[in-house]
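Can you make the complete structure from the sequences, with help from the hints?
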Amino acid sequence: MKQYEKPPEGSWTQHYPELGTLPVSYESSISPEFYELEREAIFKRAWLSVGRVEQLRRNGSYFTKELPVANTSLIIVRGMDGEIRAFHNVCRHRGNKLVWTDHPREETSGTCRQFRCKYHGWRYELDGRCSYVQQEGEFFGLDKGAYGLVPVHCDVWSGFVFVNLAKEPSQTLTEFLGPMITAIDYPFHNMTERFYYRGDIRSNWKVFLDAFQEFYHAPILHGRQNPVMAKPEYQQAGFSALHFQIDGPHRVGSTTTGPSWLLPPEYLNPIEKVMRSGLFGPWDAADIGTEEALPGINPGKKKGWGLDSFQIFPNFAFIIWERGWYLTYHYWPTAHNRLLFEANLYFVPARNARERLAHELAAATIKEYALQDCGTLEATQMGLESRAVSSFPLGDQEILCRHLNKVVNDWVDEYQRSREEA
Amino acid sequence: MAMTNPLLPPEFSDLEPFAREWCLASEPERYAKRLASTMDEMQALYDALFPRAEEAIAYCEKFPLYDLPDNVLRLLQLLYSLIMVSFPVEIWRQPYLPDTGTASFELEEEPVP
Chain B
1 MKQYEKPPEG SWTQHYPELG TLPVSYESSI SPEFYELERE AIFKRAWLSV
51 GRVEQLRRNG SYFTKELPVA NTSLIIVRGM DGEIRAFHNV CRHRGNKLVW
101 TDHPREETSG TCRQFRCKYH GWRYELDGRC SYVQQEGEFF GLDKGAYGLV
151 PVHCDVWSGF VFVNLAKEPS QTLTEFLGPM ITAIDYPFHN MTERFYYRGD
201 IRSNWKVFLD AFQEFYHAPI LHGRQNPVMA KPEYQQAGFS ALHFQIDGPH
251 RVGSTTTGPS WLLPPEYLNP IEKVMRSGLF GPWDAADIGT EEALPGINPG
301 KKKGWGLDSF QIFPNFAFII WERGWYLTYH YWPTAHNRLL FEANLYFVPA
351 RNARERLAHE LAAATIKEYA LQDCGTLEAT QMGLESRAVS SFPLGDQEIL
401 CRHLNKVVND WVDEYQRSRE EA
Chain F
1 MAMTNPLLPP EFSDLEPFAR EWCLASEPER YAKRLASTMD EMQALYDALF
51 PRAEEAIAYC EKFPLYDLPD NVLRLLQLLY SLIMVSFPVE IWRQPYLPDT
101 GTASFELEEE PVP
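Just so you know, the protein sequences line up as chains B and F, in that order. So the first sequence is numbered by the working numbering: it starts at 1 and just counts up by one. So the second sequence is numbered by the working numbering: it starts at 1 and just counts up by one.
Derived by calculation from the structure, the hints in this document are not laboratory data. All C-beta atoms in this analysis are idealised placements derived from N, C-alpha and C, irrespective of residue type, glycine included. Fair warning: there could be bad hints in the mix.
Label-pair distances were calculated between CB atoms; the ranges are [as the list claims (entries may be wrong)]: (1) B:Glu54 x F:Ser104: 21 to 31 Å; (2) F:Pro10 x B:Asn71: 51 to 61 Å; (3) F:Ser104 x B:Glu36: 24 to 34 Å; (4) B:Pro7 x F:Glu109: 37 to 47 Å; (5) B:Asp247 x F:Asp70: 31 to 41 Å; (6) B:Glu136 x F:Tyr96: 55 to 65 Å; (7) B:Asp410 x F:Gly101: 32 to 42 Å; (8) B:Glu266 x F:Ser104: 27 to 37 Å.
On the chain F side, residues computed to face chain B include the following (Cβ under 8 Å) [as the list claims (entries may be wrong)]: (9) Leu24; (10) Leu35; (11) Ala36; (12) Ser37; (13) Ile57; (14) Leu76; (15) Tyr80; (16) Ile83; (17) Met84; (18) Glu90; (19) Gly101; (20) Phe105.
Below is the structure:
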């Protein structure tokens, strides 16, 4: 495995001196008290990705998003005017959860003209206005105009819908995403064939996220699954990324991916050869609807580029693959040592059975890999919770883990300082 | 005994013995079937279908994907099952993944077909 060129400082980590090179603490991943701080300092103040505009195709389309990390549920809806808005999913009358189907704790989606509470029948327009109160005359000087749904800041970048739970966000979405992310202009909207996976995992959200922002573990943890990774020389040489870059709280790692299709058959699982697909997705490039160079992609402008893994603070990532597809990950904490992990794979819709089978193998392969990570990270959480060890060395290939650790601590510190000042 | 109606296109009649069990419409059904099967059962499907896979793909490819005749749709579903069993057969030598404990990672939405 080739070792790629590093910055003149000698390492990626030292290229960003604010990161330091010392071992780090993972107390922030095992402390219930720290988790309570994160909920306020991070999840109620950062912009959070909650879905795609393709989930809101028509005026009146809506979906709900459960956010246990913020003790709330949101309604995301495209109004009759075409605008996308977000509201707390709570009826203004007596606090009943407004939109749900069969199971109050589960997410739902659909299309409607207005929302009607299941409890006493109060109704709301899709822009949040309260439009009907059952037996309105029984109430005392009630002004319907003052009982609209509680709005949540909502904005869209490249088809990704973001919300911000702060009363007044300190940054707009564009400011928050910063120049590295907003430079991206990618035809996400052409990739509408979707595989959506979800897992309930017993590890801290950051412990889990870290496994998906370093590839150092790949030749080892996933060594058996892939004959190339199982090669002794690969196991010995390990992994080296093409490029790392940090911009504010966000980060990206770029790597090569193959090309699998040039490998001799003994380095492939037989199914990969038949389906022309595998971990890195379909071997045959998709027609993504653009001939132009893709702005913001492969930000290091490296030769042999295969993928960018963009990590959007705090809990959202998307990976763009050279063959013309992408996937997203969301890491939603549900406790200090538990998370809901969501993965979505997006392809240009298959035009025939052969393309569809290539997508199927890519999606099935991702599941095999993810399950290996899920099992191992429960074990990591247990190891950390023993507190037998309190400081952990991170290598240069783990720079993005070091960065997340620092940004989380910085946001919590800043929140605590602002509270003390107030 | 009366012949049951064939489920697959006549060109793939040799695969009929697998069709009733393995033509499953969704990934959750196929994953559950994998976990509930023995390695011998999955190896038998793999050995019968793998050598015919390219021919079966080429056959399915001739029809419009979003309007497949029923027997072609079943052949495609059988190919999805080939992908599903390829992991235990080619890699793990057991139905479930090693070292995954009680971890779950479920497919909630998938393309149709």
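How the hints compare with the structure:
Under the hint 21 to 31 Å, the C-beta atoms of Glu54 (chain B) and Ser104 (chain F), about 26 Å apart, fit the expected range. The hinted range of 51 to 61 Å is satisfied by Pro10 (chain F) and Asn71 (chain B), whose Cβ atoms lie roughly 60 Å apart. With their beta carbons about 27 Å apart, Ser104 (chain F) and Glu36 (chain B) fall inside the hinted range of 24 to 34 Å. A hinted range of 37 to 47 Å holds for the C-beta pair Pro7 (chain B) and Glu109 (chain F), which are about 41 Å apart.
In this structure the supplied range 31 to 41 Å is violated for Asp247 (chain B) paired with Asp70 (chain F), their Cβ-Cβ distance being about 52 Å. As the Cβ distance of Glu136 (chain B) to Tyr96 (chain F) is approximately 58 Å, the hint placing it in 55 to 65 Å holds. Under the hint 32 to 42 Å, the C-beta atoms of Asp410 (chain B) and Gly101 (chain F), about 34 Å apart, fit the expected range. Under the hint 27 to 37 Å, the C-beta atoms of Glu266 (chain B) and Ser104 (chain F), about 33 Å apart, fit the expected range.
Hint status for Leu24 (chain F): violated, given a least beta-carbon distance of 13 Å to chain B, over 8 Å. For the restraint placing Leu35 (chain F) at the interface with chain B, the shortest Cβ-Cβ distance is roughly 12 Å, beyond the 8 Å limit, so the hint is violated. The interface hint given for Ala36 (chain F) is broken, as the beta carbon of that residue sits about 17 Å from the closest beta carbon of chain B, more than 8 Å. Taken as an interface hint, Ser37 (chain F) does not check out: its beta carbon lies about 16 Å from the nearest beta carbon of chain B, beyond 8 Å.
Given hint, Ile57 (chain F) at the interface with chain B, holds; its Cβ is 5 Å from that chain's nearest Cβ, closer than 8 Å. Look at Leu76 (chain F): its Cβ gets to within about 5 Å of chain B, closer than 8 Å, so that hint holds up. Hint on Tyr80 (chain F) holds. Least Cβ distance to chain B is approximately 6 Å, under the 8 Å limit. For Ile83 (chain F), the interface hint holds, the least distance from its beta-carbon to any beta-carbon of chain B being 5 Å, beneath 8 Å.
Nearest Cβ of chain B to the Cβ of Met84 (chain F): about 7 Å, under the 8 Å cut. The hint holds. A distance limit of 8 Å between C-beta atoms decides the matter here; for Glu90 (chain F) the minimum to chain B is near 5 Å, and the interface restraint holds. Look at Gly101 (chain F): its Cβ gets to within about 5 Å of chain B, closer than 8 Å, so that hint holds up. Proximity of Phe105 (chain F) to chain B holds as hinted, the smallest CB-CB distance being about 4 Å (cut-off 8 Å).
When the structure is compared with the earlier hints, violations turn up for hints 5, 9, 10, 11 and 12 and for no others.
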